[in-house]
Each structure stands twice: as structure tokens, then as C-alpha cells.
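Could you build the full structure based on these sequences and the hints that come with them?
So the protein sequences, as listed, match chains A and B.
Going by the numbering used here, the letters in the first sequence line up with residues 1 to 152, in that order.
Going by the numbering used here, the letters in the second sequence line up with residues 1 to 379, in that order.
Among the hints, a few may not be true.
[To be verified] Computed list of lysine-lysine pairs in BS3-like fashion (alpha-carbon distance at most 30 Å, straight line):
#1 B/58 to A/118
#2 B/286 to A/76
#3 A/128 to B/373
#4 A/118 to B/43
#5 B/57 to A/76
#6 B/90 to A/118
#7 A/141 to B/373
#8 A/118 to B/57
It should be emphasised that the hints constitute simulated quantities derived from the structure, not laboratory data.
None of the values given here were measured: they were computed from a predicted structure.
Spelled out, the chains give:
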Amino acid sequence: MSSPEEKTLILKSSDNEEFLVKESVAVQCITIKNLVEDGCDLDAIPLLNVDSKNLAWIIEFMEKYADSTSTDAEKKDFDTEFVKKPFNDVLGLILAANYLNFPALMDVMCDACANEMKLWSVEQVREKFHIQNDYTEEEEKAVRAENFWAFE
Amino acid sequence: MARKEIRLSSHEDEEVEIHGDVLEVVLSYVPLIDLVPASNVSKSWRSAVASSLRHLKKLKPWLILHKQSTYSPYASITYTYDPCSNQWIKVSMPSMNFFSTLKSSQSNFLYMMSSSKFSFSFDPLNSTWCHVAPPLVWRTDPIVARVGDSVVIAGGVCQFEDDPLAVEVYDFNTRAWCTCESMPESLKESAASAWLSVATTKGKLIVTEKKTGVTHWFDSETKSWSGQFNLNPGQPVVNYYIGSYEEDLILVGFCNNVEQFKIWKVSAENFYCEQIGEMPLAFVEKLKSECFGFSSINVLVARNFVYMYNSWEVEEMVVCELTSGGGGIGSCRWWSVPNVVCRDGMLKDRLVFTCSEVGFDELHRVMKMDNWKFEVVST
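Written as C-alpha cells, this is what we have:
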């Protein structure tokens, strides 16, 4: 018994690395799904805002989630390990998941990000998110007085 | 999905920054208690938090637990449960003069009563208390509820008083009590919080006998009673609990033929009942008391949330979130929450539960108050 030919897509990262992914797996990214449905006939799909480091991770995640044999418990264990990355990379994956419109990955990464934030003071949040504090000195004083405990 | 700013990350060391829409999505995953410090990170984060709350985050009512000593000075500790983050939070507040035990007969209303004072609070975190003269008639277990601009107190009168059905209303505008039309005669045997389930909607106080479903309502404008109406969910219900749900009512009923709790949406106009869900059996088990079965279940309703517990053995609470689907009828999501107070704690103290919608502004305001502290209870 022969199974129908499963279409494979070539995804090209912003740094020109090519990745082979089954179409049924790749369409978890709605951006890619729309391209396929619109009849994209390019040899490779260029993903201008995703580098090879992030794309490799995203494909790992996609393949786990497309696998019908993995149970919910297995997916949860996978998620727990998957999010154990330097925080800068967590943010990078959030941006990539947003660009590719990949809801499942966005959900897992945002959840992980929110979990990390819980333990941080305001200053740590600024540092980890690379945020410029745009309060004036007086405003900063007032804000600090409000929530002194969050600045420890 | 519109994207305001995206940064490329082509080098290992390049800092990734999150802004605009993406930031709002990330913030929608952050529990309310952590959004308050998040709003202090920078001006752009402050507006991102506000925008995220407006567009993305649906706030869910918190369950509030007051654990109070049964002896004077009735010291109390407060815990809150946030269903968004599934966390218990211990709330420390300036010590208050608790001159009596805390009580509640309506989901978001807390009160204390002595022979010389009547105090009540209905803001979400009970940070503000009003202290007024007590009602004329001494009551031990009345229905007390806020309806519009007034507090209605009904029944709960000692056996030997003249009128067991006495009703008094405290008007916020006149700051005085007035005696109103007594409760209907048919409620003579059940005119107490133990026997009546209460809900308020559209300026009306609705009371339903827990055993029979017989319902009456009190109009706070005309200060008069109407009814009776017998709730008819179309199934053999032995315990009726009502709550306010949007402009109508929710009925939680226990059907003893199948030993199951079911939920109906009840029209406040004609009391027509429409079933919208039933509790999975695994959760029904959690509400069963070893000695007393299902005889003293308490039900709290706020917005689209139903919190249920057995007041004899509050080891676990069962929570139901009603989600609206197409055509107004949706589905129910059920889960259970272990009580943050352990069994030993329950034996020596009283537990009083309320539930209310705690908003960001409210939480922010209270967190700024002196001596208020919120600590997440680690599990």
C-alpha cells in the first residue's frame, strides 16, 4: 500500500539557510499556510525576519506539535524543556512566532516569559527587556514611592 | 495582524526588544498582580499595560477568603485566589477593628453587626468600610445585600421577636434606616440566610428558598415585595442556589436522582430556565462531605464565574467559568482549587468567602495604600 506523496516545503531563513519541512507540519504557521493556499510557486519560502537559529527551533517545535502520537503530557514536558533558553532567545522566539503567526508557539513562549517576569523587580524587567526608562527624575521618584517593594 | 515594530536578530548578541502589539500580547499572559509593577517599568509599558487590559485581557473575578479567629479581637487574615494565574495571594492589610465575626450572604458583600454598630464593605478588596448605626431589629442570620443605593436587611430574626419577616433598608443618600414591607408570609419558616439564596439584578433583590425554589423579589425603589414564582428547571432539583449573571440569573441546582450539580440560565423577566451545563462527576465528589453529604454547599457568583464549596469541609473549591458561545449559550470550563488554608487552620478559625471582580485600577490603588502587601503563596 503506497501513501500519497507528502509535499515538502523549503523554508529559507534570513541568513540564507534552507530547511526542509513537510507541508502538513509547516502550515501550523498561518503565514506559511496562507502562502501555500494562495498558490505560492517559489522554490523556497523566504522568511526575512527569522534567522537560522530561531528557524531551527521553530521547526523542532512544529514537528513535535504535528506529531499525532505525542500525548498532551509529552507535549507539556517538551514545552518545559523547550523554554529553558536564555531570555534574549525567548524574546527572539516570541517575535518570530508573531511574524510567522504560529499560535501554539506564541502561547508557550508568552507563558514562559510571563512566568519569568513574576520573580523580577522593576529594574530587572528593564534590564532583561532592554527597556529605556523614559520617566523623568521626579516621575521616577513618585513611581518608586508608590511601589518601593517592587524595586528591591 | 498589524505589527508596529519588529527587530531583526541576526547575531547571537543582539538585544531583542519587544514593543507595541507583541508587547501587549505578552502582557496579556501576565497575572494582574504582576501587571502593577509592569506598569511602572516605563511610560511606554504603562500605556501597553492599559491597552492590553482594554483589548486582550479578560479579567476574571477573584475568590476572596477571610480567615477569622472566633475569639475577640477577631483577628482576620485575607487570601485571594486569581483564576487567571491559578494562584493564591496572601493580603496583609492595616489591622482593623473587627468587633464581630465577618459575614456574607451575597457574593460580594461583607458585613459585621453588633448591638451598637453595623459595618459593611462591598468594594472588591474590602479596603473601604462604612460604619453606621445598627438596624432596629436584632438579627442573627439575616439576608444582607446591597441593592442600588441601599443595603437591604431581611429576616434572620430571633424566634421571640415580633416580626420574623422584618425588612429594613439603609439608604446611602439619607444615611438612615427605614422599616419596609415585611417579607411574604410564605417565607416565615425560611427567612434566614441559611435557607435563602440571594441575587441582585436591575434594582431588585431576588430571594429563592434553597429547598424548594420558591422565589420572591424586593424592589428597592418601591420598597415592596412581589412573587411568588416557583423556579422550574424541568428536573428534580433538591437544592437551589441563585446568583446574578449579566442582566439575568444563574441557577445552580443539585439533582439528587443523578447526584449531580447542573447550571441553568434564568431570565429575570419571566424566570424561564435554560440548562447551560453540568458538573463533571469527578468534581461532584470533591464537594461531598463525609458526614453531611451535599447539605451545606455555598455558591458564589460574579460575572461569568461560579465558585462552589462545602462549608463543612472546605478542602477544595470547585470553579466553573461560563463561556458565551454563539446564540448566547456557551460552555462551561470546570476545575478545582485546593484551599490555601489547611485543615487544622479551618478547625480553629471561621472562613468567610466572597467573590468580586478586581480590576487593575482597583488593585493599583490598594497596593499604593500604606501597610497593604500582596504576597503570592508558593505551592
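Results for each hint:
Distance restraint check for residue 58 of chain B and residue 118 of chain A: the Cα-Cα separation of roughly 19 Å lies within the 30 Å cut-off, and the hinted pair is therefore satisfied. Between residue 286 of chain B and residue 76 of chain A, the direct Cα distance comes to roughly 26 Å. Compliance with the 30 Å bound is thereby established for this hinted pair. Distance check on the hinted pair: residue 128 of chain A and residue 373 of chain B sit about 25 Å apart at the alpha-carbon level, within 30 Å; holds. Restraint check for residue 118 of chain A and residue 43 of chain B: the C-alpha separation of about 20 Å stays at or below 30 Å, so the hint holds.
Proximity of residue 57 of chain B to residue 76 of chain A is assessed by CA-CA distance (about 24 Å); at most 30 Å being required, the pair is judged to hold. For a cut-off of 30 Å, the pair hint linking residue 90 of chain B to residue 118 of chain A stands: about 16 Å separates their Cα positions. For a cut-off of 30 Å, the pair hint linking residue 141 of chain A to residue 373 of chain B stands: about 20 Å separates their Cα positions. A C-alpha spacing of about 17 Å is found between residue 118 of chain A and residue 57 of chain B, which places the hinted pair at or below 30 Å, so the restraint holds.
Against the hints set out earlier in the document, no violation occurs for any number.
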